[in-house]
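Asks: Mapping of the sequence shown onto the UniProt record's numbering: position 822 corresponds to residue 822, and the numbering continues sequentially without gaps.
Be careful, since some hints might not be right.
Unchecked claim - Derived CB-CB ranges, DEER-like:
1. Asn127 <-> Asp546: 32 to 40 Å
2. Leu172 <-> Gly90: 37 to 45 Å
3. Gly775 <-> Arg118: 47 to 55 Å
4. Gly90 <-> Glu212: 52 to 60 Å
5. Asp30 <-> Leu89: 19 to 27 Å
6. Asp200 <-> Met286: 43 to 51 Å
7. Met286 <-> Gly889: 50 to 58 Å
8. Gly775 <-> Ala44: 39 to 47 Å
9. Gly469 <-> Ala302: 22 to 30 Å
What the hints assert, rightly or not - Derived lysine-lysine pairs resembling DSS-like cross-links, with alpha carbons at most 25 Å apart:
10. Lys492 <-> Lys478
11. Lys53 <-> Lys91
12. Lys254 <-> Lys370
13. Lys717 <-> Lys697
14. Lys193 <-> Lys206
If you are wondering where the hints come from, they were derived from the structure by calculation, not from laboratory data.
Every residue gets a Cβ at the ideal spot worked out from N, C-alpha and C, and that includes glycine.
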Amino acid sequence: MTNASETPAHRYGAGLANQIEQKWQTFWKDNGTFNAPNPVGDLATGDPLPEDKLNVQDMFPYPSGAGLHVGHPLGYIATDVFARYNRMLGKNVLHTLGYDAFGLPAEQYAIQTGTHPRTTTEANIQNMKRQLGQLGLGHDPRRSVATTDPEFYKWTQWIFLQIHNAWFDEDLQKARPIEELVRDLLTGARTTKDGRNFRDLTHAEKHKAIDEFRLVYLSDSMVNWCPGLGTVLANEEVTAEGRSERGNFPVFRKRLRQWMMRITDYSDRLLDDLDLLDWPEKVKAMQRNWIGRSRGAQVAFASEAGPLEVFTTRPDTLFGATYMVLAPEHPLVDALTADAFPADTDERWTNGAESPKVAVEKYRAAIAAKSDLERQENKEKTGVFLGSFATNPVSGEQVPIFIADYVLTGYGTGAIMAVPAHDERDYEFATVFGLPIVPVLDGDITETAFTGDAPHINSANEQGLDLNGLGKDEGIAKAIEWLADNGAGEEKIQYKLRDWLFARQRYWGEPFPIVYDENGQAHGLPEDMLPVELPQVEDYNPVSFDPEDADSEPAPPLAKATDWVEVELDLGEGTKKYWRDTNVMPQWAGSSWYQLRYIDPTNEDAFCDIENERYWTGPRSENDPGGVDLYVGGVEHAVLHLLYARFWHKVLYDLGFVSSKEPYHRLFNQGYIQAYAYTDSRGVYVPAAEVEEKDGKFYRNGEEVNREYGKMGKSLKNAVAPDDICRDYGADTLRVYEMSMGPLDTSRPWATKDVVGAHRFLQRLWRLVVDEESGEVTVTDAALTEDDNKQLHRTIAGVRDDYEHLRDNTVVAKLIEFTNYLTKTYPSGAPRAAVTPLVQMVAPLAPHIAEELWAKLGHADTITFEPFPTFEESFLVDATIELPVQINGKVKARIDVPTDASKEDTEAVALADARVKELTDGKNVVKVIVVPGRMVNLVVK
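Please build the complete structure, drawing on both the sequences and the hints.
Replies: Structure follows, in structure tokens:
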């Protein structure tokens, strides 16, 4: 007999869990358990593949030097559970994980330490693989990729070239190879953008004309320039305060020559195809809002610099347009800026400047550091008068032209007709600057703009346009018709979506497969010159600038590698000198297509064989867009990554490289793991692990600290490493605990003290099979009782449904309930017929202990591919039901009756019950009330 103070030799604890987990992880690796075969290529086995397949994927992680905390694996565990469950259903499952490893953090670390970004990146990847490896994730290791591998980014560069060598045919609404455009231009089937005959152009002019059609093009664009970081930033990398997210440096709006992608050509398809996707509605709404399709009219206001084009969704309110506002960056601002203000100019319009040119210069400088978001949300209306006027096309009135920061170049034309009576921002601006406010809808404007619907007023001219008395829709239609008939406008659809700025002034990114000739003309490199690899450099710093110097110009780190930049190549015109592009692609490039490389990671001849793509992501029916079967990640990627990936995929589809219209068919957004954080009296975060609770207060080293609640991470010093939990409890415990914490799509609080509950469940499961003292298997061959079968089959039915719908928290609850039932019912040994399916049901959640128990139950093969238990419908329905029997409103007895018993039969059983007969003996049963399936009530006197 073991001493009470000693741990039984075969108890499931951290030490035994760690042994079991290492054993089975080695087994899975040595046997290639999770290697999913392909139809063709190096990963093909030659055997027929199941038609029933599953492609499940996690969003690309960035391998941070800080390593993982327990919040990071939440989604990875959930997809692994789902993948393992589907393997047990007989599906061929593709599940792997790669690394999105280019980006600014590794480059900045290189700058600080002098260590090459590849060195730190590869070390971070190895550490992340080690941490994730502890969790027993069923990934196919052969399919893992990193965006920083030259054999991967060769194909990123190749796809870039396919997009560069394509144009968008508006008639067919699809991308086509540029060669087909050139053929049409040569035959005269199409003209150049400016209407010239292509055949009459010089060689250089033809090159430029073709470039104007390409889906990738060079443009002088307004960008977010951050001198403190030495690079241009995407909008998402700039805070609402107009500073860089990384480093908190000022960001300035600046016009630079940059690579752009015409994602706007795909606006309609990106919008309309959302209806084909199984995505959360909130994500679809975010993409719809980002694209921002709206119908209205393009209207021309005559000015000294030519027509001033505005887009408006309410052309019916043109009679109320009393001034115009241009974005400060609008290309016609300089031409419209007068030499002097008119004599009667209101002082409020001049911003204290002696001339319009000085006013514009001062204003542009003042807003240079503002982000687009800050400009749009700015409550204080500012602007300056250009000293010139435009003509309202419907009223003939001369309206003053201003510039103001609340108008942006990215949406519409960068100019607006201001209707202050019916637009709140225009009303505020007009109030500040003393501009006319003319109502054209019959509503109250005494306090603010009237933005509702009402009949039109003050809306008629002598040229035949009369909107007075009309409603909104009729007014819009009539206004557009008049504008078109009078050459002043036309109906148009407009989008908020902007073309994609596709260049960064960094070192650690994919080089462009582009070179420039002596005339600055861009040339795409042929495939046999790919990949263009990053050169080794001594200095990763961009040329440093004063963070406040808005006039500084980017100088990328690659510009210093002159031996790499200047090359002699033969691109078909003999060997000539060319210059490489010294910018690199943004970090979104690799993640815009990586799901396709997972499918065919060893293919040296193509980024992905279309036969493999068709098997794993091809459409299954006429209205199926195809794509990854399940894609799990955070909602923070709802717009940018997902929109960019959809755009790249659609171009590849148009060009015939893939069979699927969409990259991700089903999307699931997991929540976050949060944790308590603590600050000292200075407001500085202190390590949560060093805080103790005493009498409801919290202390660190004797000093009281404040507790708050937030997302787990390094900045709040409240991170818990998965390594620690695996060491102290085992990986299966961590997996079960994270899945049990709550619904997967909600955030949940981490509490290390609660992990023990998951561990105790696994210990009870272990004891159903193994004697803790002897290590012997304790299951019996006893037949299952009726109650056993009910419990088992109801558990199976519920667990199957929960696994299918990613309700892993309720899976855990059901498995705990069934385990407790068997433990209580069979203290000396549970029936094999009940324990075996229980172990199978546990396997997706806690695979290591399930494998070990499966082996102890006498099975030679892995549990991975064992068929998941099925249930019999007959055990899901009770044959009888227990009903309470009330006497004069109080429950006095309970009876069992068939579930389909009639009222008469139920009454007869109640009256025949011994307890009821005893309580009614000698009394008069006045009335019997039977509520079927609920109760029986006897009225007795």
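Asks: Cβ-Cβ distance between Asn127 and Asp546: within 32 to 40 Å?
Replies: 37 Å, holds
Asks: Lying within 50 to 58 Å: is that true of the beta-carbon distance Met286 to Gly889?
Replies: 56 Å, holds
Asks: Using the C-beta atoms of Asp200 and Met286, is the stated range 43 to 51 Å upheld?
Replies: For Asp200 and Met286 the Cβ distance comes to about 48 Å; the hint holds.
Asks: Between Gly775 and Arg118, does the beta-carbon spacing fit 47 to 55 Å?
Replies: Hint holds: Cβ distance 49 Å, inside 47 to 55 Å.
Asks: Tell me if the straight-line CA distance from Lys254 to Lys370 falls inside 25 Å.
Replies: The hint holds at about 11 Å.
Asks: Holds or violated: 39 to 47 Å for the Cβ distance of Gly775 and Ala44?
Replies: Distance hint for Gly775, Ala44 holds at roughly 43 Å.
Asks: Falls inside 19 to 27 Å, the C-beta gap from Asp30 to Leu89?
Replies: This hint holds: roughly 25 Å between Cβ atoms.
Asks: Run the distance test for Lys193 versus Lys206: straight-line Cα separation, threshold 25 Å.
Replies: 11 Å, holds
Asks: Against the range 22 to 30 Å, how does the distance between the Cβ atoms of Gly469 and Ala302 compare: consistent or not?
Replies: Holds: the Cβ-Cβ distance is about 29 Å, inside 22 to 30 Å.
Asks: Go ahead and decide if the range 52 to 60 Å is satisfied by the Cβ distance of Gly90 to Glu212.
Replies: 53 Å, holds
Asks: Take a look at whether the Cβ-Cβ distance between Leu172 and Gly90 falls inside 37 to 45 Å.
Replies: The hint (37 to 45 Å, Cβ to Cβ) holds, given that Leu172 and Gly90 are roughly 41 Å apart.
Asks: Is it true that the CA of Lys717 sits at most 25 Å from the CA of Lys697?
Replies: 19 Å, holds
Hint compliance for this structure: every hint is met.
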